[in-house]
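S.K.: Residue numbers (our numbering), protein chains in the order written: chain A, 1 to 360; chain B, 1 to 360; chain C, 1 to 360; chain D, 1 to 360.
Heads up, some of the hints might be wrong.
Just so you know, same-sequence chains aren't split out, so a pair can sit in one copy or run between any two.
[What the hints assert, rightly or not] Heads up, simulated DSSO-like pairs for lysine-lysine below, C-alpha to C-alpha not over 30 angstroms straight-line: (1) Lys-269 <-> Lys-303; (2) Lys-74 <-> Lys-98; (3) Lys-197 <-> Lys-142; (4) Lys-7 <-> Lys-357; (5) Lys-357 <-> Lys-74; (6) Lys-269 <-> Lys-319; (7) Lys-319 <-> Lys-303; (8) Lys-304 <-> Lys-269; (9) Lys-98 <-> Lys-304; (10) Lys-74 <-> Lys-304; (11) Lys-87 <-> Lys-269; (12) Lys-319 <-> Lys-7; (13) Lys-357 <-> Lys-98; (14) Lys-269 <-> Lys-98; (15) Lys-87 <-> Lys-357; (16) Lys-142 <-> Lys-304; (17) Lys-357 <-> Lys-319; (18) Lys-176 <-> Lys-304; (19) Lys-7 <-> Lys-303; (20) Lys-7 <-> Lys-197; (21) Lys-7 <-> Lys-269; (22) Lys-98 <-> Lys-176.
Please keep in mind that the hints were generated in silico from the structure rather than gathered at the bench.
There are 4 protein chains.
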Amino acid sequence: MTNSFGKIFRMTTFGESHGPAIGVVIDGCPPGILLDIEEINQQLSFRSPGKSLYTSPRKEEDRVEILSGVFEGKTTGAPIAILIRNKDADSNQYSLLKDVYRPGHANFTYLQKYGIFDYRGGGRASARETAARVAAGCVAKKFLISLNIDCVAYIEEIGGIGLPEINRNNLQQIRKQTYSSPIFCPCENTSVRMMEKFQADDSLGGIVSCIAHVPPCLGEPVYGKLEALLAFAMLSIPASKGFEIGKGFEAARMFGSEHNDPFEIEEGKIGCRQNYAGGTLGGISTGEPLYFRVAFKPTSSIKKGQQTVTIAGENTILKLPETARHDPCVAIRAVPVVEAMTALVLADAYLMHLNVKCFA
Amino acid sequence: MTNSFGKIFRMTTFGESHGPAIGVVIDGCPPGILLDIEEINQQLSFRSPGKSLYTSPRKEEDRVEILSGVFEGKTTGAPIAILIRNKDADSNQYSLLKDVYRPGHANFTYLQKYGIFDYRGGGRASARETAARVAAGCVAKKFLISLNIDCVAYIEEIGGIGLPEINRNNLQQIRKQTYSSPIFCPCENTSVRMMEKFQADDSLGGIVSCIAHVPPCLGEPVYGKLEALLAFAMLSIPASKGFEIGKGFEAARMFGSEHNDPFEIEEGKIGCRQNYAGGTLGGISTGEPLYFRVAFKPTSSIKKGQQTVTIAGENTILKLPETARHDPCVAIRAVPVVEAMTALVLADAYLMHLNVKCFA
Amino acid sequence: MTNSFGKIFRMTTFGESHGPAIGVVIDGCPPGILLDIEEINQQLSFRSPGKSLYTSPRKEEDRVEILSGVFEGKTTGAPIAILIRNKDADSNQYSLLKDVYRPGHANFTYLQKYGIFDYRGGGRASARETAARVAAGCVAKKFLISLNIDCVAYIEEIGGIGLPEINRNNLQQIRKQTYSSPIFCPCENTSVRMMEKFQADDSLGGIVSCIAHVPPCLGEPVYGKLEALLAFAMLSIPASKGFEIGKGFEAARMFGSEHNDPFEIEEGKIGCRQNYAGGTLGGISTGEPLYFRVAFKPTSSIKKGQQTVTIAGENTILKLPETARHDPCVAIRAVPVVEAMTALVLADAYLMHLNVKCFA
Amino acid sequence: MTNSFGKIFRMTTFGESHGPAIGVVIDGCPPGILLDIEEINQQLSFRSPGKSLYTSPRKEEDRVEILSGVFEGKTTGAPIAILIRNKDADSNQYSLLKDVYRPGHANFTYLQKYGIFDYRGGGRASARETAARVAAGCVAKKFLISLNIDCVAYIEEIGGIGLPEINRNNLQQIRKQTYSSPIFCPCENTSVRMMEKFQADDSLGGIVSCIAHVPPCLGEPVYGKLEALLAFAMLSIPASKGFEIGKGFEAARMFGSEHNDPFEIEEGKIGCRQNYAGGTLGGISTGEPLYFRVAFKPTSSIKKGQQTVTIAGENTILKLPETARHDPCVAIRAVPVVEAMTALVLADAYLMHLNVKCFA
């Protein structure tokens, strides 16, 4: 039950990084949504390692197979099962990891919890699982497009280099700039400066931002608040360490008279354009752009030697070989995952809202 | 379904700030837990407005009534219903709020979503609902004590004044210091400096920290990660804007070689005492102290005049009268709520883990 | 989590037969539904013991208090909490039951499971809990009326005396006849013959039927089939032992050529008027009347002496005193409960269907 | 969300009868359970059409692929995904069904609900989906064996021919006899008499019984009653029309003094061996054998001509060709499905009970 996400638009993911396949079953997707398998393949290529110099060179060339729920190119209302076969599972290079606790990794906690030690690529804790999320996110996005809801994620900060202020009103432009950058940062200059920070034997943390254009009324009171659902979604992504919406932690240093967004009326429409709140009030969308940020720790696997302990309980130094896959900054690959999870939250929030929308 | 929280240890809250009562039903609490109604009353007094100069002077003197699930002082396994009657509902002072969108408040979004405008104290969006969480949290804590699990929340920062580094190993001491401070800050000097920042007509944001001592193995992979459950819990609290675990957003500016917690062996026990991770790896507790921070925006209701719009669509200035209740910093009252929500997450995580623990 | 029922229109009940109160929290009820507290009180009076010679003479005069979720007589979308105080809890008469396993009762299994022996009126296993279901069912019915959905339950058989064939098209008439009968049997003659079967010191089983008029398309495939949801609802009622829809067990003795309902077209509308299926195909409503039957065992508490065992493990004879409450046939009191549970299933099924209805 | 079953031990099925594959994802299976893929294949062969003269001759030779959750032959605690490719999807023979509502089938209701008409083998409403249940049921059974819990289903009645009284204490013997019979009836003589009832151009209904040996304490109060969970599970099986536990509908014709099972003490153990209740009291298992019966309607597809209507709204006669697949009695193929669903309910009930068992 912990491998499912969402209440009505609900995905269940399965598969380990070094098993035969990973995949996702999406239950609750409305019928009649057009699905294009090549769009899913393309989205997967964005998070796929091996894409650029700056992400881990595992050549997966993920291609999905849709097993159910789609008939003549359209969703039918039946569960949509999507399968992604694993390739290139070179377990050999994991042999040196067989007997050691890897700093920053989950093999320590998984072994304690399950009594099973999968020394290969991390099992369910592997970032590989996020490919299934991205595939499901594509389906969610196709549904959202039909509702005029859109979202885009991008790199906001790497190694202390931050992105200049961005105009949150033009998502198409942000998307174009983001996907032109090898590190998904929608500013060419900043991208270059960030990449200069990359280290051959060490890794960097980073911050991913996401903006969504949503209608008012999404989100539910109390334990269905939109920001709570997003926070849950984001902290479920491997390596994420923090979430903030609107002014976030900065709000904690402000006065109420500064932070409160004044309501204004413009051309008959009431809004709060300052939008320090980040697009919600009381957990429900205001109609202003929704925006939030997610902190990612540096990639745990690095080539620099690290103090650790073997399973047998001996002190040792873990040092990945020069040939090992290396992800200089895990936040980069997280960008399409943040976007996918956002789409999944919004699709579910939309369907949850029908309960009220159809009667209020 | 959005008024329930938790999977196995599950609470459902109900009630509005100005209705006859609020309350909570707790389902899934194991049998045999000793419950003392006076402990619940005491915990409620901590979040209750009117307690000190520094929180809103609504005299509620909340006292709970346990309606079910307890027999001869012990839980029976049946659902525990706890009722808290509302008193002192002086609706008069809300009359000036009847026709206006209140900046930072949920009345704008609730009216849009539900078509109903409860101009009185905020309905379900009111912080009043958190009293039910605190009552449920007390029950969770009694269960946790029997498992040797403990947690404590406190004020970390107000108005830019931060708490010095704290020793996370002695929760009893932190608790004692926290509840000696009128603003729940476990350092007398810092408390004084924070209080000097308070404004008569404006409000301040703040940061609440929480530390928990938990055994290894709590939390589930993927969509049951402990930090995701905590992030959801925290962002469901009114006025919260951000969550971070361990080094949080600071981790985004670190190198992997710095951030990765080295495993060490000490007296035969393997741990990662640096604990920048904040007590989990891969979403599962390591056995090191769990710690995280929650950002709260400044209280929305202030006495300073604010630009806003009436429901009729006219520009206006909203200015609360001098006699209005005033909360200089909503983070203070959030302290027992953060602690309660943490206890609820941990109780549920423990029960979720039985599924593995009894077989691994 | 086992004290909740429904997915979107979801009730959580609480309370024991001899505690201070029982109640229900309804989450997910759409806003804007008119609620009349006196209608709820009236429905409760139907299931209330003491109503007639033919049901157990416990004078409860249940009156509900609505604690939340209703503003100016209308639901607001917030959770609706309804409280029913317990009165007349004369525990004395239970003292002889203190040390003995009661045949047909749950005190044996509850003691084994929970290690707690509530010798008073049955705790959560008591039929008292069904008052909360009836109250919630009233709210569901008010919602259903606005959708032109209706349902009525009645006694079909007691002590081997069955009701003649009934016209399933006029629910108003069935309701009128049902509630004119002291035993909820919509045929005066049959009522009389059933009542002649009643025994002073023994009890009888019975069958409750229910008919509902629902639009097509309610129910979901696979694990959301309308008949599966109804079967679950009915078997959750104390003392129920069986459920059948349409021809039910009789269908198991028919040929396909007999049982299959032919499709016909009449005035441009396609239907299957034979309706041996009972109103669904593949778990989804056809638009024909939904009908099903629920078997109830005889009341477990009887005045005749019964062989049993004390908790100390001695053989004994249990014989209720002449003054004990006596329910000659528990199926009678189950009638409003079957109706309430049906209304709850249909309200939830309607809301579940929005997910498809709004897009197909 | 309607394609999932169970709370903790939870399966999600996917796939249509004429798509590329069907499958199931099992979440919440404890780690360390030995799984043998050939046992699953064998169980599938039991429900597989084409197995005998008496079931529909679709040659599927189902073979499963385990995609995840199993490492070195044991479950790991990760979700177990099982894939079954569809073969032999001869859509040609469905062409005559393209334009017509099929009596007893779900194509009428699916078309109304989803606006999509899958004229091929029934989509999600097809009995094909039950193969995924059987595969998941195998996993549940392996878990149950380790807990000393067992269950067996068999044909109780076909075409009015019933099975003589059976000894419910020896499940191994019942299983052996059941699986020796071409129609899963554990009595050779009765099997022969049942088969004589089969019709070349018509179909028969039937009743499936199931017996389970379970420890006391399984099942939860109120909305977690074991019989309610079983009733839901059984009515979710295609073509099922009724469920009864213990004496079931017969109980409705009994006196309390007959039906109540006396408690007895034998060799220090308290039980109620008459067991008319069918193994539960108040929804919780007593430790006596659990037994219940499920009614199945006759197979809807028959070769005899049937009155129906085309989608265009014309009256017509539907007559399947002589070469069409023909299932003389759908109850036969339902036997392994009933057994699988029972195993799934019991596995989940066991895990649900941990919440109490570990503390009471």
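S.K.: None of the hints should be skipped; say for each whether it holds.
M.R.: Status of the hints after comparison with the structure:
Taking the shortest alpha-carbon separations for Lys-269 and Lys-303, only the inter-copy value of 26 angstroms comes in at or below 30 angstroms, while the best intra-copy value is 56 angstroms. For the homomeric pair Lys-74 and Lys-98, the shortest alpha-carbon distance between copies (19 angstroms) is at most 30 angstroms, but the shortest distance inside one copy (45 angstroms) is not. In the homo-oligomer, the alpha carbons of Lys-197 and Lys-142 never lie at most 30 angstroms apart, since the shortest distance is 36 angstroms inside one protomer and 49 angstroms across protomers. With identical chains, the CA atoms of Lys-7 and Lys-357 are at most 30 angstroms apart both within one copy (17 angstroms) and between copies (18 angstroms).
Taking identical chains as interchangeable, the C-alpha atoms of Lys-357 and Lys-74 lie at most 30 angstroms apart whether they share a chain (25 angstroms) or sit on different chains (16 angstroms). Proximity of Lys-269 to Lys-319 under the C-alpha cut-off of 30 angstroms is restricted to the inter-copy arrangement: shortest distance 23 angstroms between copies versus 60 angstroms within a copy. In the homo-oligomer, the alpha carbons of Lys-319 and Lys-303 lie at most 30 angstroms apart inside one protomer (5 angstroms), although the nearest pairing across protomers, at 60 angstroms, exceeds that limit. Taking the shortest alpha-carbon separations for Lys-304 and Lys-269, only the inter-copy value of 25 angstroms comes in at or below 30 angstroms, while the best intra-copy value is 57 angstroms.
Taking the closest pair of Cα atoms, Lys-98 and Lys-304 come within 30 angstroms of each other only inside a single copy of the chain (18 angstroms); across copies the shortest separation is 63 angstroms, beyond that limit. Neither within a single protomer nor between protomers do Lys-74 and Lys-304 lie at most 30 angstroms apart by alpha-carbon distance, with minima of 49 angstroms and 35 angstroms respectively. For the identical chains of this complex, Lys-87 and Lys-269 are neighbours neither inside a copy (53 angstroms) nor across copies (38 angstroms), given an alpha-carbon limit of 30 angstroms. In this assembly of identical chains, Lys-319 and Lys-7 lie within 30 angstroms of each other by CA distance neither inside one copy nor across copies; the values are 43 angstroms within and 41 angstroms between.
In this homomeric assembly, Lys-357 and Lys-98 come within 30 angstroms of each other (Cα to Cα) only across copies, at 24 angstroms, whereas the closest approach inside a single copy is 54 angstroms. Only between protomers do Lys-269 and Lys-98 lie at most 30 angstroms apart by alpha-carbon distance; the minimum there is 20 angstroms, versus 62 angstroms within a single protomer. Taking the shortest Cα distances, Lys-87 and Lys-357 never come within 30 angstroms of each other, neither inside one copy (45 angstroms) nor across copies (33 angstroms). Within a single copy, Lys-142 and Lys-304 get their C-alpha atoms no closer than 43 angstroms, and across copies no closer than 45 angstroms, so neither meets the 30 angstroms cut-off.
Within a single copy, Lys-357 and Lys-319 get their C-alpha atoms no closer than 56 angstroms, and across copies no closer than 33 angstroms, so neither meets the 30 angstroms cut-off. Taking the shortest alpha-carbon separations for Lys-176 and Lys-304, neither the intra-copy value of 36 angstroms nor the inter-copy value of 43 angstroms comes in at or below 30 angstroms. Taking the shortest alpha-carbon separations for Lys-7 and Lys-303, neither the intra-copy value of 41 angstroms nor the inter-copy value of 41 angstroms comes in at or below 30 angstroms. With identical chains, the CA atoms of Lys-7 and Lys-197 are never at most 30 angstroms apart, being 41 angstroms at best within one copy and 43 angstroms at best between copies.
In this assembly of identical chains, Lys-7 and Lys-269 lie within 30 angstroms of each other by CA distance neither inside one copy nor across copies; the values are 32 angstroms within and 36 angstroms between. Taking the shortest Cα distances, Lys-98 and Lys-176 never come within 30 angstroms of each other, neither inside one copy (42 angstroms) nor across copies (45 angstroms).
This entry does not satisfy hints 3, 10, 11, 12, 15, 16, 17, 18, 19, 20, 21 and 22, going by the numbered hints stated previously.
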